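Residues -20 to -1, 1 to 124 (mature numbering (1 follows the signal peptide of the UniProt record, and there is no 0)) are what the sequence shown spells out, left to right.
In short, the hints are calculated from the structure, not lab data.
Do not take every clue at face value.
[To be verified] Derived CB-CB ranges, DEER-like:
{"no.": "1", "residue 1": "Ser95", "residue 2": "Ser70", "range": "34 to 42 Å"}
{"no.": "2", "residue 1": "Asn67", "residue 2": "Gly36", "range": "44 to 52 Å"}
{"no.": "3", "residue 1": "Arg108", "residue 2": "Pro37", "range": "19 to 27 Å"}
{"no.": "4", "residue 1": "Pro97", "residue 2": "Gly36", "range": "37 to 45 Å"}
{"no.": "5", "residue 1": "Thr87", "residue 2": "Gly36", "range": "17 to 25 Å"}
Keep in mind the model is a prediction, meaning the values are calculated, not measured.
No residue lacks a Cβ here, since even glycine has one placed at the ideal position from N, Cα and C.
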Amino acid sequence: MRKLLLLSAVSAFLAGPALAQTTVITTTEPSSDAERATGTLAGTGTGAVAGALVGGPVGAVVGGVAGAVIGGAASAPDDVRQYVVANPTSPVIVEGQIVNGYEVPNTVTLAPVPSNPEYEYFYADGNRPVIVSKADRRVIYYTE
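Could you build all of it, start to finish, from the sequences and the hints given here?
Here it is in structure tokens:
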């Protein structure tokens, strides 16, 4: 019962800032800082809940910190997004649902981002840009 109560309190505590953050992000040009903040909040919440389930209150703290670091890092810089939008490629069809963290199959040809060699990209679903980390071919930015 105590774990359930703690989990409910953590979830309620994290829901308020997450909801407030989504109203800040509704701009015409996405902000890298706003997206990092959203990723940080999402990572913190997910990590805290997972940590609480595994290790109780101490696990919640450790999981929250780890989730914040991982969630905040998962975002593409503004200059990379601008380049990708300005330089579309022929769209491809990819099996499965494309979400952040999805590993792009080797059958998909990725285009380089000349100004930032850490990132590559492709277009899917007609005209949707997908930015990928070159190191592990995982999606870090995708507009739905």
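Hints, one by one, checked against the model:
1. Ser95 with Ser70: 34 to 42 Å: Given a distance of about 22 Å, which is not inside 34 to 42 Å, the answer is violated.
2. Asn67 with Gly36: 44 to 52 Å: Once the Cβ atoms are compared, 49 Å apart, the range 44 to 52 Å for Gly36 and Asn67 holds.
3. Arg108 with Pro37: 19 to 27 Å: Check failed, 41 Å falls outside 19 to 27 Å.
4. Pro97 with Gly36: 37 to 45 Å: holds, 43 Å
5. Thr87 with Gly36: 17 to 25 Å: The hint (17 to 25 Å, Cβ to Cβ) is violated, given that Thr87 and Gly36 are roughly 44 Å apart.
In this structure, the earlier hints numbered 1, 3 and 5 are contradicted, and the remaining ones agree with it.
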